[in-house]
Structure formats: C-alpha cells, structure tokens
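Student: Chain by chain, the residues:
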Amino acid sequence: MIQVLYFAWVRSGIGLDQETIETEATSLGALVEELRARSDKHSQTLADLSKLRLAVNQTFVDLDASIAPGDEVAIFPPMTGG
Amino acid sequence: MIQVLYFAWVRSGIGLDQETIETEATSLGALVEELRARSDKHSQTLADLSKLRLAVNQTFVDLDASIAPGDEVAIFPPMTGG
Amino acid sequence: MIRVQAEDFNLGQEIAALHEGRRDVGALASFLGLVRDMAPNGADRPQDQAMTLEHYPGMTEKMLAEIDAEAHRRWPLQASLIIHRYGRLLPGDQIVLVACASPHRQAAFEACEFLMDWLKTKAPFWKLEEIAGQGHWVDARESDETAARRWNKADA
Amino acid sequence: MIRVQAEDFNLGQEIAALHEGRRDVGALASFLGLVRDMAPNGADRPQDQAMTLEHYPGMTEKMLAEIDAEAHRRWPLQASLIIHRYGRLLPGDQIVLVACASPHRQAAFEACEFLMDWLKTKAPFWKLEEIAGQGHWVDARESDETAARRWNKADA
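Listed in order, the protein sequences are those of chains A, B, C and D. Numbering of the first sequence is given in the numbering used here, commencing with residue 5 and proceeding in unit increments. Numbering of the second sequence is given in the numbering used here, commencing with residue 5 and proceeding in unit increments. Numbering of the third sequence is given in the numbering used here, commencing with residue 130 and proceeding in unit increments. Numbering of the fourth sequence is given in the numbering used here, commencing with residue 130 and proceeding in unit increments.
Calculated directly from the structure, the hints in this document are not laboratory data. Computed from a prediction, not measured in an experiment: that's the story for all the values here. The hints are all genuine.
Derived pair list, reagent style SDA-like, types lysine to any residue, alpha-carbon separation capped at 20 Å:
#  : chain 1 : residue 1 : chain 2 : residue 2
1  : B       : K55       : D       : R270
2  : D       : K191      : B       : Q62
3  : C       : K191      : A       : D66
4  : C       : K251      : A       : R57
5  : B       : K55       : D       : E274
6  : D       : K191      : D       : T250
7  : A       : K55       : A       : P81
8  : D       : K251      : B       : L58
9  : A       : K45       : A       : D21
10 : B       : K55       : D       : D273
11 : C       : K282      : C       : T250
12 : A       : K55       : C       : E271
13 : D       : K191      : B       : P82
14 : D       : K191      : B       : T63
15 : D       : K251      : D       : V267
16 : D       : K191      : B       : L58
17 : D       : K251      : B       : L56
18 : C       : K251      : A       : L56
19 : C       : K191      : C       : R203
20 : C       : K251      : A       : L58
21 : A       : K45       : A       : S16
22 : A       : K55       : C       : L257
23 : A       : K45       : C       : W266
24 : B       : K55       : D       : W266
25 : C       : K191      : A       : R57
26 : C       : K251      : C       : Y215
Pairwise CB distance ranges (calculated):
#  : chain 1 : residue 1 : chain 2 : residue 2 : range
27 : C       : G187      : A       : G19       : 19 to 25 Å
28 : B       : T24       : C       : R279      : 53 to 59 Å
29 : D       : E195      : C       : Q134      : 37 to 43 Å
30 : B       : S31       : C       : A146      : 51 to 57 Å
31 : A       : L53       : D       : A194      : 53 to 59 Å
32 : D       : L219      : C       : Q134      : 33 to 39 Å
33 : D       : E195      : B       : P73       : 24 to 30 Å
34 : A       : G74       : C       : D268      : 29 to 35 Å
35 : A       : N61       : C       : P232      : 34 to 40 Å
36 : A       : N61       : C       : P205      : 30 to 36 Å
37 : D       : G216      : C       : H233      : 22 to 28 Å
38 : C       : P205      : D       : E274      : 17 to 23 Å
39 : C       : A261      : D       : K282      : 39 to 45 Å
Note that CB positions come from ideal geometry on N, CA and C, so glycine has one too.
If we strip away everything but chain A, and leave its shape as in the complex, we get (with noise of 0.2 Å):
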C-alpha cells in the first residue's frame, strides 16, 4: 500500500486530497501510469509531469525513483511560498 498525497490544483483538480492506494509498481513512473488510470479527473491532471513536482517520504525524487510499500508518495504544482 502506498499513501499518495495530493497539494494545491492536483488537489483540487483530482478532487482528493490523499489516497491509499493497492499497487505492485516498484517505480514512481509506473504509480503515476495506474494513479492517471483511475479517473478522467486523474488523468487530465497527472497528464504533464513538467507541471509537477515529486516527492518520496517528503524528499523530492524523480520519476525513475524506487517505491516501496508504506511510502509516502506526493504529487503537487511547483511551490510558491516566501
């Protein structure tokens, strides 16, 4: 199982805010293919990955980075704080 938490318009766009979701991906890439499988919602908003950052137990990582059950994934726009 892998918590997958969304931020600002990911958050709103797919209308969660976090999900756990059942998967066998080993890879951040393939989460993202079966997260943008499960909705139109998801789809539309996972679909440019330019337009996102990526996080792995609150360290930001890539698309090729390694997952395992029980981490914590997030997915959000690039940060605007300060």
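Got chain A; can you put chains B, C and D on it based on the hints?
Tutor: Okay, now just chains B, C and D, sitting in the frame of chain A:
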C-alpha cells in the same frame, strides 16, 4: 574668515574641535599648509593627507578645492559608522 | 529556529530574541514578506481579497530545517529564524519572516537572501489568490528559480 | 526617513510604521547593527567596554538624505528608513537600523545593502572604542570601501 572643524583623532590630535582662521588662502591646499604651521600638533596630525578626508560646506572635496570667506571646512579620518 | 504556524507573529519580539542578552552579534539582517493587494486596479475592493497558503505538514518543517542548516554551513551565523504562516491571509498581513545574526553584515545579508531564495523554490507552500470570489493558484515564477540557482555551488 | 539620535530605538515599531495601513508593500528588508564585544578574549570585562560614536552634525543628516535619495532613484522603494545613533554605547546596544519596503524582495534587499555600504563610507561617523580605560579610534576597513565600490555605476 574660515571655520575649520576637526573630528575623531584629528580633533584629539590637534586638541581642538574647531577654530576660526583668518586667511588669504583661496584653495584648500593652501589653507592646510597654513594650518600645519600653527603648532607641532597641527603639523603632526595633518602630516599625511592620504589618511584624511576633507569637506567644504559639508560636501566632500579634494585638496585642490576652492575656498572663500565664510566657508566651513572640515578635516577628519575615513568614516567608521554603521 | 523554524516555525510553521497559522498565527501572526511579532517581528520586534522575534528579532530581539535573536540578540538580547548577547554581546557577540554585530549584524542582524531580516526579511518580512507581506500579502500585497492583488486586484489589478489597486484599491477597489479590499474586502473581496484573500490569499490562502496551503502547505505539506511535515515536509515543510523538514525542508525549512534543511535550508536553515545549509545556511549555517555556508555562513558564520550565530542565530537564525524562519517563521512561515499558512491559512487564510488578507492584504497587508505578514506571511514570512527570515532573520540571520552574524558578527559581520555581509554574512547576515547573504544568508538572509539565500534563505528566502531557497525557501521560495524548496519549501512546499502554495498560494491560492481569491479576488471577488474567484480563486486561482499562483504560478511559480521563473525569476524565483533563477534567484535560487545563483546559490548553486560549482562543486555541487 | 532619516534620524540621527542619541536615544535607542524600537525596531519592531519602526518596521511596523513602514508598512502598517498599507496594502502594496510585499517585501521589507532590514538591517540592525549592534555594538559587539571588543575585548580580544570575549567575556572577561563587560563593564570596562564602551563604544562612543562621534559624528558631524549637519553633514551627517545631509549625507544620509543623499544616500537615501540615491536608493530611491535606483530601486522602486515605497518607504525607507535610516536611524543612526551617536554617543556612548555598550556591547549589545543597537547602533543603526536601515529598512527598505518594496513590492519585490530583490529590490528591498539590494537597496538595504546599498544603504549600509554607502553609509559606512560616506556618512561622517567615527567610532572610539574603550577597553579597560584605553580608548582608540577604529580604523576604516578596506573591505567597506570595496563593498561600497560595487554599487558604482559604469556610467558614473
């Protein structure tokens, strides 16, 4: 008459914070020569002009600046505020 | 010190706490970020504007602590502070305070700018602007990325 | 705004006055200079140390006003403040406060650094350090001249 003000170690070196000078000098360089002749303290304190800054009427100037009766001349070390 | 909070902060008290009782701090640089009026035409509808800051609890504190530690590695800092608010704010409200104390002013200034530049691009905060009931997410700015990149080390 | 005074100042109040009641200030950078412990070996004789700031009344205000005006010419500032104290101060005391408000943080930071660099080399203040009854005038530092020169314009 020229009013001459001294600050910091120029003031403590000469032993005066200001003095009024009767002079025919029309350049700051000529005035400094006259000041040097006034006492040993003047001569020693004003010996090395590369260590001093000069102002006429509260504006920084060089040694070749003109002076006129009624001017306020100031001689002091490089500043160390802030 | 890192604080992520909904509440407002008292800048004077926070700055004073960084140097009071000390005799070795010569320079204290600080930066205060405020919510600006977002209406295209300024003063029209003050009551219709808000900015909501969303963040990623846990990762925010982790990233701010990392950024702060990096500043201490790069400059001789005696104390530092990052306070960042989240939640719904109004024009004129305080958003962020960064402060750095050092024996020397150049270190204090540089570390303060570094913290702001890295915070902008590495701390997981997002701004939702609301004007007259219309909300939109603020886009990240290329100029912030550029500002952050100037601190990249040649050997990194 | 320029102030040259013997009295201490309240940093929090001064900074607040620059942005309170406004909705257009996005960034406020500030710098606080403090008297550092001057004894070579730190904590030994706190009560035996003092720093006396002498200045040139009249020219000081004139130069600070010129420096401030130059900062406003170079950056889009909405407000600025320079407070510089004179007289006898002790380690830990506040000496100088510079603050700049702008819509954008880069302008606020740069103007604040510029004001400090120019103030150091152009405002007629001199520091007399006293340690254990021995007074000596602080020498100007080449690094301050170098810092000030970086703001020289190519066409100036």
